[in-house]
Every structure is written in C-alpha cells, then in structure tokens.
Amino acid sequence: MEDKRPLSPHINIYKWHISSLVSISHRITGIINIIAITLVCVWVSWLILGETKYDLINFFFNSFLGKFVAIGLAWSFSFQILSEIRHLIMDMGYGYELKTTRITGLMVIFGSLILTILFYLIGKNFF
Amino acid sequence: MNLATKKWVFLKLSSIILVPLMFWFIINFISVYDGDYSEVISFFSNKTNKFLFSIFLIFAYFFSAISISEVFEDYISNEKTKYVANRLLYISAIIIPLLTIIILLNLK
Numbered sequence: 001m002e003d004k005r006p007l008s009p010h011i012n013i014y015k016w017h018i019s020s021l022v023s024i025s026h027r028i029t030g031i032i033n034i035i036a037i038t039l040v041c042v043w044v045s046w047l048i049l050g051e052t053k054y055d056l057i058n059f060f061f062n063s064f065l066g067k068f069v070a071i072g073l074a075w076s077f078s079f080q081i082l083s084e085i086r087h088l089i090m091d092m093g094y095g096y097e098l099k100t101t102r103i104t105g106l107m108v109i110f111g112s113l114i115l116t117i118l119f120y121l122i123g124k125n126f127f
Numbered sequence: 128m129n130l131a132t133k134k135w136v137f138l139k140l141s142s143i144i145l146v147p148l149m150f151w152f153i154i155n156f157i158s159v160y161d162g163d164y165s166e167v168i169s170f171f172s173n174k175t176n177k178f179l180f181s182i183f184l185i186f187a188y189f190f191s192a193i194s195i196s197e198v199f200e201d202y203i204s205n206e207k208t209k210y211v212a213n214r215l216l217y218i219s220a221i222i223i224p225l226l227t228i229i230i231l232l233n234l235k
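Quick note, the sequences are listed as chains A and B, same order.
According to the working numbering, the stretch in the first sequence is residues 1 to 127, in order.
According to the working numbering, the stretch in the second sequence is residues 128 to 235, in order.
In silico EDC-like cross-links for lysine to aspartate or glutamate, where the CA-CA straight-line distance does not exceed 20 Å: (1) Lys67(A) - Glu166(B); (2) Lys139(B) - Asp201(B); (3) Lys134(B) - Glu200(B); (4) Lys177(B) - Asp163(B); (5) Lys133(B) - Glu200(B); (6) Lys134(B) - Asp91(A); (7) Lys207(B) - Glu197(B); (8) Lys134(B) - Glu84(A); (9) Lys133(B) - Asp201(B); (10) Lys53(A) - Asp163(B); (11) Lys53(A) - Asp161(B); (12) Lys177(B) - Glu166(B); (13) Lys133(B) - Glu84(A); (14) Lys235(B) - Asp55(A); (15) Lys139(B) - Asp91(A); (16) Lys134(B) - Glu206(B); (17) Lys124(A) - Glu166(B); (18) Lys67(A) - Asp163(B).
For the record, the hints were derived by calculation from the structure and aren't laboratory data.
Chain B extracted, bound-state conformation:
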C-alpha cells in the first residue's frame, strides 16, 4: 500500500468515526455555549464528556490534517512551500489537541 492509499484509508476510517462525534459535539455545544461559567464547567468536568470531547478533538485534527494536506497538494505547486505548510499543519494538529486535553483533564 503506497502513501497516498494509506492517507485515503486513514481519511475514510477517521471520517466514519468523526461523523457520530460531530453529532454529539454540535448538539452539546448548542446546549451549553451561552450558559454561565458553572454550566460550562460542569459539562466539561463530566468524565464521559471529557472522554468524548478528547476523542472528538483527536479525530477532528487527524482528519483535518489529512484533508488540508490534500488541499495543499491541489493548490501549492512549489515543493518547498508545500513541505513547510505540511510540517506546520501536522505540528499544530498534534500540539493544539494535546494542550487542550491536558487543560481539560485539569478542569474540576
């Protein structure tokens, strides 16, 4: 299996997992976004919500990183620019969810 095929398989597998998580996230986001501090903190302090939100973030960034790298493939012709853009994309797709999950685990 070559790299492009692997990326396609990972993209499809992550999208199958992501679709129900997107349903869960957006319904819960609508229910708490305009609530006060105690409502929002109580939502994110719940163990099940912490777990589902963390999984959602991991798959959302994983899926987006692969998808956006395909957009770079289509629109960036310069190989060096594309390499730098892909590196920045993959690094931010690891750091942003990781930091958020660490903060989330420390919420009480």
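Excised from the complex, chain A in its bound form:
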C-alpha cells in the first residue's frame, strides 16, 4: 500500500511552462550547490596539508575546466538566490497571476546570467 502512494510532481505528464522550468531548475541547482559546497569543504580542508599538496588544486582551478566549474558555480548560486527571492515574495502572497509568474520566471532565468557576469566582474575587481 505504502509503495502505491502517488508521488509529486508528475513532471513527465504536464506540459512544460516557465514556472515549472524554474521550479525544477531550483531543485536541481539546490542539489548542485550542496554538492559544490561539499567540494568547497574539501578544498578548504586541503589547505591544512600544506603548500606542496595545494599545487594540484591550484593547477585544476587555473585550467579551463577549473574556470568552467567556478563560473558554473557562480551561475548555480545566482539562479538559487533569485529563485529563492521569488519564492519569498510568493510566500508573502504576491505574484501568483499567470502573467506575473511568467515574467518573474523569465527574470530568474535571464537575471541569473546577468548576476553571474556581475559576480565574476566584482570578484575579479573589474569595478
């Protein structure tokens, strides 16, 4: 009986909309972020091993793949931040109209790309 309990959401049944795309992406980026934060914990812990052992991490972060991972993480964090703010606004009872959910969903998607660029520019002292 317990195994027949209906699970939600039925993502393979419903037609895709902006709000469903943002919702599932929110969950995926949430899982990516916690895996990434765990890797950050490994990175910080690695520091205690000393400078010689750190060369391997330094080599990775200065490679194309390392930079791709860092920028990917910045995007994943950006998406999560904007989507979380959208959730908090909706929790206060605003933004449930169909048109508004589409607009705020698009703001999260495109805003995350802009925020990633801003994070990178601020982090690298371009301003």
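Since the structure of chain A is provided, determine the placement of chain B on it from the hints.
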C-alpha cells in the same frame, strides 16, 4: 505548530539569512579560487572570513537538509528507504560543516 509547518518556517528563516551569505561567498570565491596557496590561506585565516564562512556552511547545510528532505518526500514512496535517506542526510549535514569548521579554526 506541526512538524511540516515548523520545517517550512525554518526553511524560510534560513533562506532569508542564506541569501546575503551566498552573495558574500560567491564574490569572495571568485576572487580567490585561482589564487596561489598564500592568497587562499590568507583569505581563510582572516577572522571575519572564518566567521562568515562558518555561518555560511551551517546555514547552507541546514537549508539544504530541509530542502532535500522535501525532495525525498516527493520522490521516495517507500517509508523505510525515505527514513534511511533522511538519517544519512541529517548526519552528513552535521558532520561535514562541523569537521570543516574545526579545520578552518586550525588554519594559520
């Protein structure tokens, strides 16, 4: 207040605290990730950065544990599997940040 409501309130409170910490973390991560050992160690040896990073880890794992347990609620129908998955999730959400903070406090 039932358990589900408490979880929702904790989720929302932790997200309000986590958003500015995520801003702080990602900007600083971008500024130091490709630096050499001395740059990275000097960042994590700074008392303010140690404090903010520790708080960030505590809230990030707390928030993620509650969020992922909701994903388990939606996708795992077997109660025993869900119980084990939740236990593993909560234990790792305590152990990983705790160990990292202990190491962080010992960085000089």
